[in-house]
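Enquirer: Residue strings, one per chain:
There are 2 protein chains.
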Amino acid sequence: MVDIQKTSNSKIDKVNFDDLVFGQVFTDHMMECDYRDGKWQKPVIKPYGPLSLDPSAKVLHYGQAVFEGMKAYKDKDENIWLFRPDENFKRINRSSKRLAIPEFPEDYFFESLNALLKLDSEWIQKGFGNSLYIRPFVIATEKGVSASPAKEYKFMIICSPAQAYYSGEVRVKFSEDYSRAADGGVGFAKAAGNYGAQFFPTNIAKEEGFQQIVWTDANAHEFLEEAGTMNIFFRIGDKLVTAPISDRILDGVTRKSVLQLADEYNIETEVRRVTVKEIVEAAKKGELKEMFGSGTATVINPISGFGYKGEKYELPKLEDSYARFFKDKLMKIQYNEAEDKFGWRYKVK
Amino acid sequence: MVDIQKTSNSKIDKVNFDDLVFGQVFTDHMMECDYRDGKWQKPVIKPYGPLSLDPSAKVLHYGQAVFEGMKAYKDKDENIWLFRPDENFKRINRSSKRLAIPEFPEDYFFESLNALLKLDSEWIQKGFGNSLYIRPFVIATEKGVSASPAKEYKFMIICSPAQAYYSGEVRVKFSEDYSRAADGGVGFAKAAGNYGAQFFPTNIAKEEGFQQIVWTDANAHEFLEEAGTMNIFFRIGDKLVTAPISDRILDGVTRKSVLQLADEYNIETEVRRVTVKEIVEAAKKGELKEMFGSGTATVINPISGFGYKGEKYELPKLEDSYARFFKDKLMKIQYNEAEDKFGWRYKVK
Ligand SMILES: Cc1ncc(COP(=O)(O)O)c(C=O)c1O
Ligand SMILES: Cc1ncc(COP(=O)(O)O)c(C=O)c1O
Chain C
0 MVDIQKTSNS KIDKVNFDDL VFGQVFTDHM MECDYRDGKW QKPVIKPYGP LSLDPSAKVL
60 HYGQAVFEGM KAYKDKDENI WLFRPDENFK RINRSSKRLA IPEFPEDYFF ESLNALLKLD
120 SEWIQKGFGN SLYIRPFVIA TEKGVSASPA KEYKFMIICS PAQAYYSGEV RVKFSEDYSR
180 AADGGVGFAK AAGNYGAQFF PTNIAKEEGF QQIVWTDANA HEFLEEAGTM NIFFRIGDKL
240 VTAPISDRIL DGVTRKSVLQ LADEYNIETE VRRVTVKEIV EAAKKGELKE MFGSGTATVI
300 NPISGFGYKG EKYELPKLED SYARFFKDKL MKIQYNEAED KFGWRYKVK
Chain X
0 MVDIQKTSNS KIDKVNFDDL VFGQVFTDHM MECDYRDGKW QKPVIKPYGP LSLDPSAKVL
60 HYGQAVFEGM KAYKDKDENI WLFRPDENFK RINRSSKRLA IPEFPEDYFF ESLNALLKLD
120 SEWIQKGFGN SLYIRPFVIA TEKGVSASPA KEYKFMIICS PAQAYYSGEV RVKFSEDYSR
180 AADGGVGFAK AAGNYGAQFF PTNIAKEEGF QQIVWTDANA HEFLEEAGTM NIFFRIGDKL
240 VTAPISDRIL DGVTRKSVLQ LADEYNIETE VRRVTVKEIV EAAKKGELKE MFGSGTATVI
300 NPISGFGYKG EKYELPKLED SYARFFKDKL MKIQYNEAED KFGWRYKVK
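Heads up: the sequence lines are chains C and X, in that order.
For the first sequence, numbering that gives the first Met the number 0 assigns the number 0 to the initial residue and increments by one for each residue that follows.
For the second sequence, numbering that gives the first Met the number 0 assigns the number 0 to the initial residue and increments by one for each residue that follows.
None of these hints come from the bench; they were simulated from the model.
Note that this is a predicted model, so its numbers are computed, not measured.
Certain hints may be false.
[Claimed, not checked] Here are the simulated DSS-like pairs of lysine-lysine, each with C-alpha atoms no more than 27 Å apart in a straight line:
(1) C:K96 / X:K308
(2) C:K205 / X:K96
(3) X:K142 / C:K125
(4) X:K205 / C:K150
(5) X:K13 / C:K150
(6) C:K308 / X:K41
(7) X:K10 / C:K142
(8) X:K10 / C:K150
(9) X:K5 / C:K142
(10) X:K150 / C:K142
(11) X:K150 / C:K13
(12) X:K142 / C:K5
(13) C:K142 / X:K205
(14) X:K142 / C:K13
(15) X:K255 / X:K331
(16) X:K150 / C:K10
(17) X:K142 / C:K45
(18) X:K205 / C:K38
(19) C:K142 / X:K13
(20) C:K205 / X:K150
(21) X:K205 / C:K96
(22) C:K205 / X:K142
(23) C:K150 / X:K238
(24) C:K142 / X:K117
(25) C:K205 / X:K38
(26) C:K238 / C:K316
(27) X:K142 / C:K117
(28) C:K142 / X:K125
(29) C:K10 / X:K142
(30) C:K255 / C:K288
(31) X:K308 / X:K75
(32) X:K316 / C:K142
(33) X:K255 / C:K142
Using the sequences and the hints given, assemble the complete structure.
Expert: What follows is the structure, given as structure tokens:
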């Protein structure tokens, strides 16, 4: 059902897999599927290459675009695995719906993704931490500068090899003025516009010595919500706390997996609104033992400190950190090195 | 300073200027200016044609894109005029700043805009209501799927001939659940993502018989803010009321011109928060005489009714409407048919 046009000119020999910058190098092929005349046409896999877009294409003017982020892992026997790809598939369609983009058929998604990964399977390196980052996305390609939903779209999948990387120490700033999402807005969607909107406040935070922002609610900046590309967990005493999903917060696949694993391993969790005030107080009292982010790109990202209203707070360095625990558990499942109790692994065929 | 590459193949003879759909037909040329190596390169005017973008170009994934909307008008003596273009220039740079896009130099903007309009001047039709819609925009072109500001951009200007058009009766829905912008967000910017985010709620409103949404504050949906591409005015008795500019509301050029004209003609104005409650009550008592939107595309757009919580309210049809008054005053200035007291007109040279 997928039309495959193979490249005669692989770039793989030119790539140094030991020195990859995240998201810069792409594999030999990409998937492209056009929506027109009211339906998704046949998916095509073809050599990775530039798109031709009219300067008035709606994606460029009205941000009618959504995306996903997933990874493929290769085990010792050269099997290729995805982690809960059904979640990403459902989420891109939830995002699309909110952006008035037609939803994508499930069989088109999985058949073309499997075919693409098989074709570019050499690009997936073995070794714990190595992976292929997969970026499905949809853009409004129809021409015309009137602010209304497009009638033509492209669904695409591009892939970029990624190494395990140590992101350095991450300190976060709790947002006091700027906001990421409004109630009734598009914060729960992986809508392109949500990300560009964070760059300027994040630049300011960087100048102040923080790597990322933890966004707070737009009303009163009282509640801690999520970071730019990660959900956020707090360990208060030995309890693991995270904000509930809402229409402002992305329903992260890693987040929900951490919560399930915590249950499995009898770690007490609370999914509830988390106030800035309680976290600052817990930090002062030494009860805030840990903070970490969860997301596909880094799996679990430990946070070593945070800033709020000009004060900086450092977190202890733990021997028995939850961050390390969950990262290890998750990665072992992802790389087919541990039992997959929950049926999260998906074998590429 | 601008590099000009003329087309040898004008499309103008194929265009029926009496039957134009807004924003569908583009003139023979476009302006393109690249940002790279930390600076804006030389602006180029060249034949209108497709862009080549890497599938990983940041605009497609992270919505790092802003735009403007302006118009050129031709008077009886073939002079070409812009309306307060300095406002659009300043605003695109405000938008860019918020989206972490480098600001564009003023001389590049005006020199290339003048050159483009001169080259495509035949596309601007005489006649009250005819105009050339001008769309400056900036997109992040750098490749790479990591969520951080791009290092490469394109500033472009494309132009589309437009007719005066009667948009039909416009009824608006006051938003009860969905929101357009958050405090501390990007609502005041003409950021691409603000527009795509409105399509889905607007589709729902359309199914209910409304053409547009008037957005309310995201906190409590208590205050009326603006519509998708128009600021909103209310005439209560003979007083003209509109919401103040904030970080959620676009600082419309037409809006501020209406306010100045109202002063000039001794129409009492109030710039203050407008509650849904007071407007519903004023409508019930017959004190809400008029509502209209203001924006470059339609200048002034009369609104004939609104909906809120399942109720529909119709507004009276006035002989002496403010909407008609302001539209006429503004257009006469735009088309060089009335004195330009405020120095709003800009002659293309
Ligand atoms: C805003 C946001 N929050 C959270 C996440 C983490 O989600 P997931 O665990 O599904 O990767 C992501 C990225 O993927 C994100 O973009
Ligand atoms: C969100 C929004 N509000 C208001 C306006 C009206 O602004 P202006 O009068 O400058 O065209 C526009 C469009 O131009 C807009 O996009």
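Enquirer: Each hint should be assessed against the structure and marked as holding or not.
Expert: Verification of the hints:
{"no.": "1", "hint": "C:K96 / X:K308", "in the structure": "holds (24 Å)"}
{"no.": "2", "hint": "C:K205 / X:K96", "in the structure": "holds (16 Å)"}
{"no.": "3", "hint": "X:K142 / C:K125", "in the structure": "holds (26 Å)"}
{"no.": "4", "hint": "X:K205 / C:K150", "in the structure": "holds (17 Å)"}
{"no.": "5", "hint": "X:K13 / C:K150", "in the structure": "holds (24 Å)"}
{"no.": "6", "hint": "C:K308 / X:K41", "in the structure": "violated (43 Å)"}
{"no.": "7", "hint": "X:K10 / C:K142", "in the structure": "holds (17 Å)"}
{"no.": "8", "hint": "X:K10 / C:K150", "in the structure": "holds (24 Å)"}
{"no.": "9", "hint": "X:K5 / C:K142", "in the structure": "holds (23 Å)"}
{"no.": "10", "hint": "X:K150 / C:K142", "in the structure": "holds (26 Å)"}
{"no.": "11", "hint": "X:K150 / C:K13", "in the structure": "holds (24 Å)"}
{"no.": "12", "hint": "X:K142 / C:K5", "in the structure": "holds (23 Å)"}
{"no.": "13", "hint": "C:K142 / X:K205", "in the structure": "holds (22 Å)"}
{"no.": "14", "hint": "X:K142 / C:K13", "in the structure": "holds (18 Å)"}
{"no.": "15", "hint": "X:K255 / X:K331", "in the structure": "holds (17 Å)"}
{"no.": "16", "hint": "X:K150 / C:K10", "in the structure": "holds (24 Å)"}
{"no.": "17", "hint": "X:K142 / C:K45", "in the structure": "holds (19 Å)"}
{"no.": "18", "hint": "X:K205 / C:K38", "in the structure": "holds (22 Å)"}
{"no.": "19", "hint": "C:K142 / X:K13", "in the structure": "holds (18 Å)"}
{"no.": "20", "hint": "C:K205 / X:K150", "in the structure": "holds (17 Å)"}
{"no.": "21", "hint": "X:K205 / C:K96", "in the structure": "holds (16 Å)"}
{"no.": "22", "hint": "C:K205 / X:K142", "in the structure": "holds (22 Å)"}
{"no.": "23", "hint": "C:K150 / X:K238", "in the structure": "violated (42 Å)"}
{"no.": "24", "hint": "C:K142 / X:K117", "in the structure": "holds (24 Å)"}
{"no.": "25", "hint": "C:K205 / X:K38", "in the structure": "holds (22 Å)"}
{"no.": "26", "hint": "C:K238 / C:K316", "in the structure": "holds (17 Å)"}
{"no.": "27", "hint": "X:K142 / C:K117", "in the structure": "holds (24 Å)"}
{"no.": "28", "hint": "C:K142 / X:K125", "in the structure": "holds (26 Å)"}
{"no.": "29", "hint": "C:K10 / X:K142", "in the structure": "holds (17 Å)"}
{"no.": "30", "hint": "C:K255 / C:K288", "in the structure": "holds (21 Å)"}
{"no.": "31", "hint": "X:K308 / X:K75", "in the structure": "violated (49 Å)"}
{"no.": "32", "hint": "X:K316 / C:K142", "in the structure": "violated (37 Å)"}
{"no.": "33", "hint": "X:K255 / C:K142", "in the structure": "violated (31 Å)"}
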